[in-house]
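Residues per chain are reported as follows:
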Amino acid sequence: MSSNFNRLAEGGRIDRGRPLDFSFDGSSLTGFQGDTLASALLANGVSLVGRSFKYHRPRGIFSAGAEEPNALVTLGTGGRREPNLPATMLELADGMIAESQNRWPSLAFDVQSLNSLFAPFLSAGFYYKTFMGPTRRAWMFYEHFIRKAAGLGKAGLEPDPDRYEVRHAFADVAIVGGGPAGLSAVRAAANAGARVALIEQDFRLGGQLLSERRGSEAAAWLQTVEAELKGFRNVSLMARTTAVGLYDGKVLGLVERRDDPQAAGQALQAFTILRAGAIVFATGAIERPLVFSNNDRPGVMLASAARTYVNRFAVLPGRKAVVATTNDGAWRTAFDLAAAGAQVTVADLRTMLAPALQAEASRLGIAVRAGTHIADLRGGRAVKAARLAGTGAETEVDCDLVCVSGGWSPTAHLASQLGVKPVYREDIDGFVPGPFAAGQFGAGSVVGGYTAAEAIETGHCAGIEAAASCGKTKPVPAALELQSAELSAAAFRNVPAARGKAFVDIQMDVTIGDIALAHREGYESVEHLKRYTTLGMGTDQGKTSNFPALSAMAALRGTTIPETGTTTFRPPYTPVAIGALAGRAVGHHFKPTRRTPLHEWHVANGADMLEVGLWMRPYFYRGAGRDVNEAYVAEMQFVREAAGLMDISTLGKIDIQGPDAATLLDRVYANSFAKLPVGRARYGVMLRDDGIVFDDGTTTRLGEHRFFMTTSTAKAAEVMSWLEFLLDTAWPDLRVAVASVTDEWAAMSVAGPRSRQVLAAAFPALELSNEALPHMGFVEGEFEGRALRIIRLSYSGERAYEVYVGASAGEAAWRRLIEIGEPFGLRPYGVEALGALRVEKGHVAGPEIDGRTTLDDLGLGRMVGKRSGFVGDVLRRRPALGEPNRQRLVGLKCLEAGTRLSGGAILFKQGEARQGHGRGRITSVTYSPTLEGYVGLALLAGDVAVGDEVVAVHTMKNETVRASVVSPVFLDPEGERLHG
Amino acid sequence: MLRIDCPCCGPRDHDEFRYGGDASVMRPAHDDADFEAWYRYVFVRKNPAGAHREHWQHVLGCRQWLIVERDTRNHSIASVALARNPSGKKPPARKPSQ
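Protein chains in written order, with my numbering: chain P, 1 to 980; chain E, 1 to 98.
Derived by calculation from the structure, the hints in this document are not laboratory data. Among the clues, some could well be false.
The calculated lysine-lysine pairs, modelled on DSS-like cross-linking and capped at a C-alpha distance of 30 Å, are [to be verified]: (1) Lys230(P) / Lys46(E); (2) Lys154(P) / Lys591(P); (3) Lys250(P) / Lys591(P); (4) Lys250(P) / Lys474(P); (5) Lys866(P) / Lys909(P); (6) Lys384(P) / Lys421(P); (7) Lys675(P) / Lys421(P); (8) Lys715(P) / Lys46(E); (9) Lys46(E) / Lys421(P).
Keep in mind the model is a prediction, meaning the values are calculated, not measured.
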């Protein structure tokens, strides 16, 4: 088998006994347990892994971590497709299917790589300059093609079959980062007695220690500490988990991911909201690249990444390597590559080099070129040679790997997310997190402690302090020291200006030339620079490009780095799948579903159910017609002619008790309740404080100090909360208590001329005559041992009763009414007929009580009379609410046979120009079997009187209909049907 | 992310609560007919950067309306009290019924 020909014969933290098969762009390849997708690809000699965003240039693996700008892949197939994942962060799993992105027809031959030839035209601001102004319309035409050409991977269109979770977790001390600083902090905090959560994005703990050679002291230290930590019961080690967000109140958002497609039954990703008593940031540092011409060619990678591939994964990413550096640290890469058998040249920008480095280099046969840098690279789909310039003559060195290091940048992202700006530190030439808030601590590279010894020491201290801030102060044994010969990462800057395609942001294809252009055009502030050039706006959020861009802009402006400043850091640190945030709240679990006690009956008896807010309600019954339009008219007819039964359990129901109950009602309703006799009900309207109508309903006086309030279905929760608000905050002196009893009662409306006969037959023990139970009257009794309340109220305009029964007996009561009512012609009806019946009767509902209408707008002003002292009374008198040209409730009737009104149609007067918002709109419509035509309610402004003609225009339906203005009460204006 | 220490239920996630607006404005008496007073109560808000007294209701808990002192800059909560009893004094203990 020719695979894994870049794999070293021994070493690495991989399990050679467990080979894993995977595929990349259709080729079957093999890696080992412990590999990342990136290391397995490199082991198989795959160096070209993607095409760039704008120019479609060939790209290779650039890093070994979350900062990866190039090696983005799409994982999985069908509904499991997940695009834009850095191959460097994917734990290799058996059966993994990965694809490269942004290439067509294939990775090796990409048609749009011709974009590179047009590169001079595609500089920063190209699209803006080209398509704004007179050519703006052209954008409409070209946008589709441009969007297709630019970009990243594509998500699947099928539903994702995998499971995701959202969890809550708690810890005394949360430690972000499992490198030497983080591990040392865990050890200290756990010994102090704190409950500790360690969050590590890698699938292995150790951070940079994993990149040390096997058998080194660092490796031994890691082994000892890991074993020790496993012995703690108060430590939870969360690997494969990234802290993506820092939020107020010491809350971290964590995403745990599993890339193993075989892990069936487990959540693929979990989002955890971790609330901690203290947080230790041990997030490490990210190496900086160097900017030179063609620095994006496959084969160029960060020096530390090359070292990781050699030592951790036993992969030799190249046989002839050039290590270009500005600091001592990257020499370790040169040494390890040489020790692994590569031919190495070091190009160090500095002219004075430490003798120890030179001695080791010469021992390993490494060619050293002091005072040189890379001026350009040769090679297309793979790097072939580096041109070195600087001291001495320019030379070309053949190579298949270029390792770059421009020093390090602390990973200050997470710690800066709450808006504390990072602070520049000259000694390390980098930004560290700004002052930590109480309960937050930093350790290791993120606060500039680059050596392992410093990391361990600062981690130890941070662990103790963090535990102490949570009151955990048990004595802690001394830090476990690690003596390793380390090289300073302190970098020498002053890199010569680069020319040609020298990339600063490799993912977004932003070159040093783009930055110069932004500067020339006045986009000097880093925030403008970012938006103008798109620098740092890729999925990697500029983890490797921010600092080089800042220093380039500072040089152009002639200012210092701290004066130039940084952009703002926001969550998430790395991209998060929407599925992880949604967890299980998908499909019908997206929101709760409320079912009435009669739900099962509706479903079993042909009801078409409709979502109304959280509730499921019967829309119409199939027995009444084939579709809703046929059914609702039929249902209306049997209510008007015989009797209908409707489930109204969704109404809000509030029990109000106490000596001051009547006083409360008198204040919250616009009309009076104090004089309502016991045993009687009244329709009531509530206003908001600003004088606009809030809700309507009925309230029944059950006793001197006890009332039963109903609210609309939609406003039930708001009304309840509003009453509680007034009683808790404004009128605590009122001796009254309110309780929601919505779910305690099943409720049904029996409506129609024969409704009394049905009820009398169903509940023979009750006296239901017109004298005993007149319109707006109330009786109570018992049904199957449950409370029974009958209130004579009408929404439809017919003689009607609302029947309330204890919820558990609801279905039995409903069945009895259906059975006993059948000979009388009683049948169930749904919400469509309910709405139509109330439109015919001219009752207002949600479409009219829309949060903008007043009592007078709705024709309800006379209910109030001369009352005052109720909620909304003062502000309803605002002059603006009394202006004569306000839209008011009217009825509309179609003038031409065969035409219909549509809700939402805009109204104009006859002969008026049909433009703008018109004089108002139609709010509710229905076919009226009684009037044999379409009628509707509308809100209409201006000097329009009953009898006038208006034109209703519905542009989306392309309808123009003539209608005449009539009274909103289409049926029985005297209310004769209600009484008697 | 807020956690509100409900005087009845203990510390709970803010998902259980509903925000109820500025608690520093004084609601006029129910029969106060002064337009200006109602106008100020309903429409005029300070929107401070810093300490802010506000109403929250523990809708998915005890349903009590609370007065929460929150710093709008960092969401730190200085105090939580029942709106009915902002001073936090405990009502006199009732004798258990025999």
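To see whether the hints hold, each was checked on the structure:
In summary, the hint linking Lys230(P) to Lys46(E) is not supported, as the alpha carbons are separated by about 53 Å, beyond the 30 Å threshold. A hinted pair counts as satisfied when its Cα atoms are at most 30 Å apart, and Lys154(P) with Lys591(P) qualifies at roughly 28 Å. Restraint check for Lys250(P) and Lys591(P): satisfied, since their Cα atoms lie roughly 28 Å apart, inside the 30 Å limit. Between Lys250(P) and Lys474(P) the CA atoms are separated by roughly 23 Å; this keeps the pair inside 30 Å, and the hint holds.
As the CA atoms of Lys866(P) and Lys909(P) are separated by approximately 35 Å, the hinted pair breaks the 30 Å bound. At roughly 42 Å between alpha-carbon atoms, Lys384(P) and Lys421(P) are farther apart than 30 Å, so this suggested pair is violated. Distance hint between Lys675(P) and Lys421(P) is unfulfilled; the C-alpha atoms sit about 65 Å from each other, more than 30 Å. Between Lys715(P) and Lys46(E) the alpha-carbon distance is near 29 Å, which keeps this suggested pair within the 30 Å criterion.
Proposed proximity of Lys46(E) and Lys421(P) is supported: the alpha carbons are some 27 Å apart, at most 30 Å.
In terms of the numbered hints stated before, the structure departs from hints 1, 5, 6 and 7, listed from lowest to highest.
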